[in-house]
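Full structure from sequences and hints, please.
Residue numbers (the numbering used here), protein chains in the order written: chain A, 2 to 366; chain B, 180 to 489.
It is possible that some hints are incorrect.
What the hints assert, rightly or not - Each computed PhoX-like pair below joins lysine-lysine, with the alpha-carbon atoms no more than 25 Å apart:
1. B:289 x A:54
2. A:233 x B:289
3. A:231 x A:183
4. A:54 x A:289
5. A:151 x A:272
6. B:303 x A:233
7. A:106 x A:91
8. A:231 x B:303
9. A:91 x A:126
10. A:315 x A:340
11. B:309 x A:231
12. A:148 x A:54
13. A:294 x A:272
14. A:126 x A:106
15. A:123 x A:151
16. A:318 x A:308
17. A:249 x B:289
18. A:183 x A:151
Just so you know, these hints were derived from the structure itself, not from any lab.
Source: prediction; values computed, not measured.
One letter stands for each residue in the lines below.
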Amino acid sequence: MQRLKSSITLLGLGLLAVAPLAAADPAPTQVGFVYVSPVGDAGWTYQHDQGRKEMEKAMAGKVRTNFVENVPEGADAERVIRQMITGGAKIVFTTSFGYMNPTEKVASAFPDKFFFHATGYKTGKNMGIYNARFYEGRYLCGVIAGKMTKSHIAGYVAAFPIPEVLQGINAFTEGMRSVDPKAEVRVIWVNSWFDPGKEREAALTLISQGADMLTHHTDSTAVVQAAEEKHKDNANLYSFSYHSDMSKYGPKSCLTGTTHLWGDFYTRTVKEVLAGTWTGTNVWGGIKDGMIKLAPLNAAVPEAVKKDVTKLEKEIKEGKRHPFAGPVVAQDGKELVPKGRNMTDAELGAMNYYVKGVASTLPKN
Amino acid sequence: MEPSLVSAVLFATIVAGTPLILTALGELVTEKSGVLNLGAEGIMSVGAVAAFAVTLNTGSPLLGIVAGMVAGMAMSALFGFAALTLQANQVASGLALSIFGVGLSAFVGKPYESQTLSSVAPLKIPLLSKLPVLGHALFEQQALVYFSWIMLAVVAWFLYRTRWGLVLRAVGETPVAAHAIGYNVLRIRYLAAIFGGAMAGIGGAFLSVFYTPLWVEGMVAGRGWISLALVVFATWRPLRVMLGAYLFGGAMITQMFVQGSGIRLDIPAQFLSALPYLATVVVLVLISRNRSTIRLNSPASLGQPFMPDA
Chain A
2 MQRLKSSITL LGLGLLAVAP LAAADPAPTQ VGFVYVSPVG DAGWTYQHDQ GRKEMEKAMA
62 GKVRTNFVEN VPEGADAERV IRQMITGGAK IVFTTSFGYM NPTEKVASAF PDKFFFHATG
122 YKTGKNMGIY NARFYEGRYL CGVIAGKMTK SHIAGYVAAF PIPEVLQGIN AFTEGMRSVD
182 PKAEVRVIWV NSWFDPGKER EAALTLISQG ADMLTHHTDS TAVVQAAEEK HKDNANLYSF
242 SYHSDMSKYG PKSCLTGTTH LWGDFYTRTV KEVLAGTWTG TNVWGGIKDG MIKLAPLNAA
302 VPEAVKKDVT KLEKEIKEGK RHPFAGPVVA QDGKELVPKG RNMTDAELGA MNYYVKGVAS
362 TLPKN
Chain B
180 MEPSLVSAVL FATIVAGTPL ILTALGELVT EKSGVLNLGA EGIMSVGAVA AFAVTLNTGS
240 PLLGIVAGMV AGMAMSALFG FAALTLQANQ VASGLALSIF GVGLSAFVGK PYESQTLSSV
300 APLKIPLLSK LPVLGHALFE QQALVYFSWI MLAVVAWFLY RTRWGLVLRA VGETPVAAHA
360 IGYNVLRIRY LAAIFGGAMA GIGGAFLSVF YTPLWVEGMV AGRGWISLAL VVFATWRPLR
420 VMLGAYLFGG AMITQMFVQG SGIRLDIPAQ FLSALPYLAT VVVLVLISRN RSTIRLNSPA
480 SLGQPFMPDA
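Rendered as structure tokens:
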């Protein structure tokens, strides 16, 4: 321990030599972030990086952050996480599902450091997990879609049929049909998180099949852009973005989007760790926790719809409304959740079906 | 199926096949001269980012295509230097070029990730575009789609109807003989490789300027590899390259239309994305079994370096 302390002092001296102005403050705590893709300008990783910057700003002087982007999931990730720790980081956030096992491994090797893994399910004494209830935003987008559609068809470009994606599709469908019972949602799986060409083709396919409300659960902006382009031919063609506010890619046609906000969570967590009050994290936060938000609504959304959506958002926030409030009926007509209760978190986590109103068939796994 | 649906499927199939045709035609000419350039994925990436950057800064898609082409030529010249002048292993050089190109495009493209281009209006061919069903699909396309058809005719004509096409094929079959009767094998191979690079660069430009008017890292998404597979699938015949490209493009598009319409299709999508490569393996097996006919099209000295005795 003594040796460790002296090496920290040495490290601190090194830092002081580089930044003599900070001499009065204790050395800031290092916080590392591991990203699965390049930060880019929109998307999953971009939102995490926004959160990192927000946290760094809120904790100015107390923390220093660094990140490594484009880290493959698997053995490489373990090396990167280890390097962060040996490089002086005290807290590491790993932001993709595939980092779960590497994070757990490094966490058990460094019991005095803190690790947080997004979207996974393994926790430990010094390892917390966090995720967001993206489906709450999806539900609200669905409601807007139901109010705005003329063809009663929505198109959904999706990556892989995992529970998180299915939650989004089903919540969107439930939201849309809550205001337009005739509506149906068509889904195309592109089997890639990221292939702008395929995403665009899928969007155009859905448009040609009559969809006038489009959304996506993939990482690029291609669907929003395709909708913007076709908006010229059909003035009632609109899109909803995901991950980030993509309105600049669809100024006329992107109505809003489900955006992820990690900043508050990161600030809160780092504060707890620094204060020594941290006791464990298992966060699945939604609108209430400020982890999900709708992007600013497009001017094309009528005032009355805006009002309704604001009201619904408030109800979800207060826990008065759940996107999967019973009765929830599966595509084949089977009742999944009876009237009078909401779907539980365990049921949400195991979602592997379409609800009634989705017109496509789910690929078999 | 109703006519409008047929037209939509056909239209999308042609669009999806175009970058494959462009790149594969270039690779076909390269391979016919006996040079195996596996760098298509990297060349397309660099072509895509160059075309995007230039189109964004000048507002001219035409200049963008030229930029993509020039970038592709530069990349393949680099390959030529390693594999032809220095006689490095062609497979290794090509793979290195692929990896390098993908990385370089990501590096150069960083500042362009947030930008978008306005989409380019299609070039409608008068009268023909009014045809029922086929008119929209065939004659309301981007200019580069027509260009891919023209290049198909040009490549086929060049290879089989001109003297220099014959020379190029001779160089690919027996470079020693071509050299003995006085042809500069290295120069011909360089030119063929650079032509291949130019076409792959244009293929990349089609992706970033016309197909999805944006640049993001990794947007070529394996289309370079599919193009390489296509050349083998087509047994080195230009017309079959086009058929193969539309077949692979069509498989993807049809699968999407089926999904969207809710018809149950029990073919896993993973199988469909593996299809081009599976088909290529099948063709390779056929080639090896049937030495007399199909094999005639395969350049005999493919991938073998040639250095004239000093």
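Status of each hint after checking the structure:
1. B:289 x A:54: holds, 19 Å
2. A:233 x B:289: Violated, at roughly 30 Å.
3. A:231 x A:183: holds, 24 Å
4. A:54 x A:289: Status holds; Cα separation ~22 Å.
5. A:151 x A:272: violated, 49 Å
6. B:303 x A:233: holds, 17 Å
7. A:106 x A:91: holds, 16 Å
8. A:231 x B:303: The given pair, whose Cα atoms are some 17 Å apart, holds under the 25 Å limit.
9. A:91 x A:126: Holds, at about 15 Å.
10. A:315 x A:340: Given that 25 Å is the threshold and the Cα spacing comes to 22 Å, the pair holds.
11. B:309 x A:231: Holds, because 20 Å separates the two Cα atoms, which is no more than 25 Å.
12. A:148 x A:54: Not OK: residue 148 (chain A) and residue 54 (chain A) at ~36 Å, beyond 25 Å, violated.
13. A:294 x A:272: holds, 23 Å
14. A:126 x A:106: Roughly 12 Å separates the two Cα atoms, so the pair holds.
15. A:123 x A:151: Distance ~45 Å between residue 123 (chain A) and residue 151 (chain A) Cα, so the pair is violated.
16. A:318 x A:308: Since the Cα atoms of residue 318 (chain A) and residue 308 (chain A) sit roughly 15 Å apart, the hinted pair holds (cutoff 25 Å).
17. A:249 x B:289: Holds. Residue 249 (chain A) to residue 289 (chain B) sits at ~18 Å (cutoff 25 Å).
18. A:183 x A:151: holds, 11 Å
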